[in-house]
Amino acid sequence: MPARSATDSTQSPGDDPEESDVARAEQTWLQDWNLPDAFDALPSGQFWLQNRNLPETTSTTKIDSLAEVDLWTRIRHGFELTLEDESRIAGQLEWYHDHPDHLPQIEERARPYLFYIVEELDRRGLPMELALLPAIESAFIPTAYSSQNAAGIWQFMPSTGKMLGLEQNSWYDGRLDVVAATEAALDYLQSLAAQFDGDWNLALAAYNSGEGTVRRAMQKNREQGKSTDFWSLDLPWQTRRYVPQLLALAKVVEEPEAFGTRLTSIPNQPLFDSVDIQAQLDLTLAARMAELSIDELLQLNPAFNRWATAPQGPHRLILPLENIEMFKQNLVALDPKKRLRVTAINRTGNSPTLRYTIQPGDNLGSIARRHGTTVDTLKLANGLEGNMIRAGRHLLIPGPVPETSRPLPVVAQRQRQVGISGRKTIYTVRSGDSLWAIARSYNVDHEALARWNGIAAGDTLQPGQKLIILNDSVVAEAAAAITAETAVR
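The sequence shown begins at 1020 in this note's numbering and counts up one residue at a time.
In case anyone wonders, no lab produced these hints; they're calculated from the structure.
Quick caveat, the model's predicted, so the values are computed rather than measured.
All C-beta atoms, glycine included, are put in the ideal place defined by N, C-alpha and C.
Wrong hints could be hidden among the right ones.
The following label-pair restraints were derived from C-beta to C-beta distances [unchecked claim]: (1) 1345 to 1250: 17 to 27 Å; (2) 1405 to 1234: 52 to 62 Å; (3) 1406 to 1334: 38 to 48 Å; (4) 1289 to 1334: 19 to 29 Å; (5) 1447 to 1403: 46 to 56 Å; (6) 1168 to 1099: 44 to 54 Å; (7) 1234 to 1141: 25 to 35 Å; (8) 1464 to 1413: 27 to 37 Å; (9) 1103 to 1168: 53 to 63 Å; (10) 1276 to 1460: 35 to 45 Å; (11) 1380 to 1182: 34 to 44 Å; (12) 1123 to 1405: 28 to 38 Å.
The calculated lysine-lysine pairs, modelled on PhoX-like cross-linking and capped at a C-alpha distance of 20 Å, are [as the list claims (entries may be wrong)]: (13) 1357 to 1398; (14) 1398 to 1356; (15) 1347 to 1357.
Full structure from sequences and hints, please.
This is the structure:
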């Protein structure tokens, strides 16, 4: 997460795990967004790719053109960062060796977005290791929220997102927009690299803890006659692990077999593109026009918080390439007055639309403000040409996208959309704590607690570690959501 606080970081998973003498406490990789087993069955970030005929390639195929290379091969060819202090990443490398299923899970979630990120890095001439940074930040979950309200695959805090021009309002959160957030993240990383004279280790440290934190540590070392390289700085412990985390992941991606894991082929080709929709558009209607389910549409467009795109923009949608032409044809044929009316009856047959009786003294502006919408939205939804309304008559006020229509990763990650706020606890490990004692205190099974956090039941805990604790109702709710989605699909 850019410029995260010293209390809101994550721990990560040496070169030879058999010979590593790093304490077990160094081997644990905990993340605020780490999904429990109950959520493992949720659709990954690529569920909209199912049953699509994409060409298969292999990284061992002899190639004449970069366009034919497997995406992982392209990424490996672009690695630039130097592994200067291998002892600092011994614990992370051993963690990957002990958890061979972790990387394939990351790959599955990264698949829809990775090509776009790689293209942007290539266009800017940046190190390909940066394509792996969302794996460290968010496990490539576009709807990931941290306990400190950082959001998206790049984990921007609200203030940082605003500084970088990412719009955040009740309709749209640019931090969750994979395209906009990627552009912002790479802009920020480029700026940091320039500030630190091309030293990517320092730039990454600043991305994690803030430029001020890194500069103060460098100044302290100068005053003491010490080196000011990343490895010599006295930085927050989360930041000291952050750069080694990325370097370790790059090493595993470079040689997955050496760590007992695997990477499948990802075609080196685009999977989606942006489409100009010109004005606000009902998302359920947009999905139908693109011949997608609402789940599939929202998986690629998770930044939209409500039933339609934002009134003030951005007026674009991300769509799979094969669906774009059909969508454009339908958009041209669409009556502009019907862009916002389809949500009156959603796909479940229930109406999320409020039928409001106009009161004396009401006007469209006051009604819109009261219900968190806009005058233009009310006019479009009700077929009004002007602003005149009469007391006693009725207005349709479109409601939010129904919860059952939100993509299931949102059920797991965006607590506010499934009503589980307050039932997910982030516990900070203290000296003397054990997994068993913590589980007993919260009345949960200690093995379940270990699974929720991607660790073994016998692992040693380290003070400052973050543990996710869920009660039974949260797990049951997620399981019920999975069952419901299976029935719908």
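Violations among the numbered hints: 1, 3, 6, 8, 9, 12
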